[in-house]
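With the hints as extra help, turn the sequences into a complete structure.
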Amino acid sequence: MISDIEAMQIYKTLQSLTSGYLVPKLAREIAGEPNKTLYAE
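Residue numbering for the sequence shown follows this note's numbering, starting at 615 and increasing by one per position.
FYI, nobody ran anything at the bench for these hints, they're computed from the structure.
Some hints could be false.
Below, simulated PhoX-like cross-link-like pairs (lysine-lysine); rule was C-alpha separation at most 25 angstroms, straight line [stated by the list, open to error]: (1) K626 <-> K650; (2) K650 <-> K639; (3) K639 <-> K626.
Below is the structure:
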């Protein structure tokens, strides 16, 4: 697993290189939570 900071850096790089609709939402699975948790953009 990568850190939240590294994940956000990768996400922002992908957003800058492609159009917005091509980049999926950034989410993480947290144990005990019923759904994936989305990160704020």
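How the hints compare with the structure:
For the hint linking K626 to K650, the alpha-carbon distance of about 20 angstroms falls within 25 angstroms, and the restraint holds. At roughly 11 angstroms between alpha-carbon atoms, K650 and K639 fall within 25 angstroms of each other, so this suggested pair holds. Distance restraint check for K639 and K626: the Cα-Cα separation of roughly 11 angstroms lies within the 25 angstroms cut-off, and the hinted pair is therefore satisfied.
In terms of the numbered hints stated before, the structure departs from none.
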